[in-house]
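Peer 1: Given next are the chains, with one letter for each unit.
Protein chains: 2
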Amino acid sequence: MQSEPVLQDLIQALRCLPGVGQKSAQRMTFHLLERDRQGAFKLAQSLAEAVDKIGHCQTCQTLSSSDVCGLCSDQRRDQQLLCVVETPTDVMAIESATSFKGVYFVLNGRLSPLDGLGPAEIGLDKLADRIKKGTVKEIILATNPTVEGEATAHYISEMAKKHQVVATRIAHGVPFGGELEYIDSGTLSHAFSGRSEV
Amino acid sequence: MQSEPVLQDLIQALRCLPGVGQKSAQRMTFHLLERDRQGAFKLAQSLAEAVDKIGHCQTCQTLSSSDVCGLCSDQRRDQQLLCVVETPTDVMAIESATSFKGVYFVLNGRLSPLDGLGPAEIGLDKLADRIKKGTVKEIILATNPTVEGEATAHYISEMAKKHQVVATRIAHGVPFGGELEYIDSGTLSHAFSGRSEV
Chain A
164 MQSEPVLQDL IQALRCLPGV GQKSAQRMTF HLLERDRQGA FKLAQSLAEA
214 VDKIGHCQTC QTLSSSDVCG LCSDQRRDQQ LLCVVETPTD VMAIESATSF
264 KGVYFVLNGR LSPLDGLGPA EIGLDKLADR IKKGTVKEII LATNPTVEGE
314 ATAHYISEMA KKHQVVATRI AHGVPFGGEL EYIDSGTLSH AFSGRSEV
Chain B
164 MQSEPVLQDL IQALRCLPGV GQKSAQRMTF HLLERDRQGA FKLAQSLAEA
214 VDKIGHCQTC QTLSSSDVCG LCSDQRRDQQ LLCVVETPTD VMAIESATSF
264 KGVYFVLNGR LSPLDGLGPA EIGLDKLADR IKKGTVKEII LATNPTVEGE
314 ATAHYISEMA KKHQVVATRI AHGVPFGGEL EYIDSGTLSH AFSGRSEV
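Protein sequence lines correspond, in order, to chains A and B. Each step along the first sequence adds one to the number in the working numbering, with nothing skipped, and position 194 is 357. Each step along the second sequence adds one to the number in the working numbering, with nothing skipped, and position 155 is 318.
No wet-lab data here; the hints were simulated from the structure.
One copy or any two copies: either way a pair holds, since identical chains are not told apart in the list.
Simulated crosslink set (BS3-like; lysine-lysine; CA at most 25 Å straight-line):
{"hint": "1", "residue 1": "K264", "residue 2": "K186"}
{"hint": "2", "residue 1": "K186", "residue 2": "K216"}
{"hint": "3", "residue 1": "K324", "residue 2": "K295"}
{"hint": "4", "residue 1": "K300", "residue 2": "K264"}
{"hint": "5", "residue 1": "K186", "residue 2": "K205"}
{"hint": "6", "residue 1": "K325", "residue 2": "K296"}
Using the sequences and the hints given, assemble the complete structure.
Peer 2: Here it is, written out as structure tokens:
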């Protein structure tokens, strides 16, 4: 088997997938070649097509096959409401779970100086340009509730304040259906400090 | 995002990998397109090449890019010792862990009548032809110690007996470095009934 460079190549190539190590890559290789050659062929085609065609939307930076993505070019969406998220996956999650009808701005991650990610690297200058245009009336900060995500949200809220744009943060607290007993302490203390009148 | 068929295609295509569901496929898609486009390109190429070039060895049925695989055509290997395994992955595992210098025969799985896998489907007729040739002196049964694997081993041992060929089964028992306290009861009782004199 050591003598099959084609197989070794495929095993190595599969390891670029997140969460896939040597053993999983071997299992995938043999599964594809023994049981699902059509799937493997389709996957090769889809990958090549995606790498070739998918770029970033010029307006919101999400992954898109056209210069301006479907969400940004949709005239029925409210251009005054801008939701800022960390990744294109977040856009997908919000689109499928909520009835949000505004537009998005996708950061390339979050502010993380230790990783060399400053405001320019995550596209905050582009966001500033967009705010300056004056169309946006409210920025909804939907970055993740992590230290870096909070810092990024704070940075953008300062930016919004400078241009007299309202900045709101999505609510954080006890998840729907969750039981207090099993909630981590950080979330619970956050839920208490962020309580609202009923 | 619903409006990007290229992305949806890729997510669907990734789900053909074993153990990859909708969420993992999304994560992989965005990881590849945002962080590792070169890896994605390489993976597409490797997949296409493997699907195109890899077939089955005519002698031992393992995955191979040539008509006869490297192991079968290696003249230094002992053609009288034949190790029967369930999958090409098993060949790889044995090659990297043991100093076995015989040749292999790879079944396409194991006898499993409920799944429609009879002797012909897993290539046992081909194995019978090979035994009839008379080169093989010992068959080492290295199928998995599952119900189906044991049944397959038993079937092949009967076949070997008919042609006066010795059939041996690899040892099963407490794994090296294992602690009796944590071994499952099946393995432990097997280890007792299969004890040998020291």
